[in-house]
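Student: With chain A fixed as given, assemble chain B onto it according to the hints.
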Amino acid sequence: MQPKKTMVWDLPTRLFHWLMVLAFALAWATHDDSRHLDIHTISGYTFFGLILFRLIWGVVGSHYARFSEFSYAPSEVLLYLRSLLGSGVKHYIGHNPAGAWAVFILLTLGLLLAVTGVVVLGGEEQQGLLAGYISFDQSAPFSMLHEVIAWGMVALIFVHVSGVVIESLLHRENLIGAMFRGTKWVAGQSAQVPTHRLVASVMMVSIIAWGAMSLNGYVNATAEKPYQPFKGPSLAMNELWNEECGACHLAFHPSLLPTRSWQQLFKQQEDHFQEDLMLDEETMAELMAYATDNAAEHKQTEAAWKINRSIKKNERPLTITSVEYWKEKHSNVADAVWKQEAVKSEANCGACHFDAEQGAFQDSAMKIPQQ
Amino acid sequence: MKKNVLMMMAMAGMLVINVQAYAGDVELLQSEYQSQGAGPFSAAAGEKMWRQQYLDKKSGKQRSCQTCHGSDLTTSGKHARTGKVIDPLARSVNSERLTKVKFMKKWFKRNCKWTIGRECSAQEKGDFLAYLKGL
Chain A
1 MQPKKTMVWD LPTRLFHWLM VLAFALAWAT HDDSRHLDIH TISGYTFFGL
51 ILFRLIWGVV GSHYARFSEF SYAPSEVLLY LRSLLGSGVK HYIGHNPAGA
101 WAVFILLTLG LLLAVTGVVV LGGEEQQGLL AGYISFDQSA PFSMLHEVIA
151 WGMVALIFVH VSGVVIESLL HRENLIGAMF RGTKWVAGQS AQVPTHRLVA
201 SVMMVSIIAW GAMSLNGYVN ATAEKPYQPF KGPSLAMNEL WNEECGACHL
251 AFHPSLLPTR SWQQLFKQQE DHFQEDLMLD EETMAELMAY ATDNAAEHKQ
301 TEAAWKINRS IKKNERPLTI TSVEYWKEKH SNVADAVWKQ EAVKSEANCG
351 ACHFDAEQGA FQDSAMKIPQ Q
Chain B
1 MKKNVLMMMA MAGMLVINVQ AYAGDVELLQ SEYQSQGAGP FSAAAGEKMW
51 RQQYLDKKSG KQRSCQTCHG SDLTTSGKHA RTGKVIDPLA RSVNSERLTK
101 VKFMKKWFKR NCKWTIGREC SAQEKGDFLA YLKGL
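Going down the list, the sequences are from chains A and B.
Okay, so the first sequence: first residue is 1 according to my numbering, each after it adds one.
Okay, so the second sequence: first residue is 1 according to my numbering, each after it adds one.
Read the hints as simulated data drawn from the structure, not as lab findings.
Be aware that one or more of the hints could be misleading.
[Said to hold, decoys possible] Simulated pairs of lysine-lysine, PhoX-like, Cα-Cα distance not exceeding 20 Å:
#1 A:K344 / B:K78
#2 A:K306 / A:K327
#3 A:K327 / A:K313
#4 A:K267 / B:K113
#5 B:K84 / A:K344
Being a predicted model, the structure only gives us computed values, none of them experimental.
The following block holds chain A by itself, in its conformation from the complex (with noise of 0.2 Å):
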């Protein structure tokens, strides 16, 4: 029988699995700077939005879209792996076995990704689905587990790439080229499969939909009023601290330092980086109880929590940014960014972080200043 032009993978199928290329990509690439957190959040989303489609769309789809479809026992898989050494490999229309099963695990590392990735975001950023139900210690251990599966993640794609590969040489069939135009030559008998238009114009609508929301923000940036993709939630702020503090500097929030650090700052007032303060002792008690009730202890915000778990117990900084978090936070910012007019001391917190007023410290409510 003639070989004959046939559609194999529907177009919900085909926009899922390039889709979910993109926003692993896109994820990936953002994952180690955190001034892309809302891109990286972004494409988390529309990737787990789109692994629940799949999961969906193996079951109701188009036959060889079907998990039932491409359910083959282990001992199936030996069977393939074992027929590629030798000749006569078993031609499947749609997933061979090792195929499928990579696709299987693949799946459930995405979905694994997705979740943990929810989690991470609700801990450390207190944003997202999760926000205020899970503290940063409890996020800790996800934020590990997020990066490892990542990891596992990459090595599976590249064995599914090889996979692919290899097979297309073996049955001289170009695989990537037909999961773009959906269409195997086949001969013999196989299974009507639709296009399913309606279907992926929904799923492309709903995505452009969705990153346009999330974007929006940036069309009435100013650069005087940047946009800022997160709002954490706000921290207690104080009239007397902000006034007696902020009238020299910024009048760093209490979550940046340790109960500890501010008692001690307050101890020697007196020599208060060359200034002696003099403040009256009605004034150093309400400052001494907000810095407490505020300190970085309570991990009101990922800086506090961070900064915290930095310090050694028996060290009592006076300044943050002699703290550890913040010099390994910092040690890739230029010197020329700090020498900067607009910049001129590390102290100057809000040249660059556009929530330093608020002690937010929000990832992504940073930009460096160009000159």
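Tutor: Coordinates of chain B only, in the frame set by chain A:
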């Protein structure tokens, strides 16, 4: 009609009280210094001290009021160490200046100590006020 007149009188009265309070804080502080034996106060002496340079032994650098407040008090100054902007001191451009006794006392204390290396005398502070209130 009668009500309106009363109202206007009350408002005018409040205005007078306000202006008096505004003008009064500097004088109040000056008379406090007088009660400590200082006076009469001279704007010229205040200005001279304001512009004078003092050597800080620790850093080896010259300091004056202008180090942070700048040479023109109708424009903003800048904190010498942190670079934080300091609003203009001249009342002609910043009406909030010299309006709170507590505030003035605090900054005299803190800034005299940093600039000159000691607290200022009642006479010196009175002279400063005489100079600053005319700006």
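Student: Decide, hint by hint, whether the structure agrees.
Tutor: Cross-check of the supplied hints:
no.	hint	in the structure
1	A:K344 / B:K78	12 Å, holds
2	A:K306 / A:K327	12 Å, holds
3	A:K327 / A:K313	18 Å, holds
4	A:K267 / B:K113	18 Å, holds
5	B:K84 / A:K344	10 Å, holds
The structure fails none of the hints (numbered hints given earlier).
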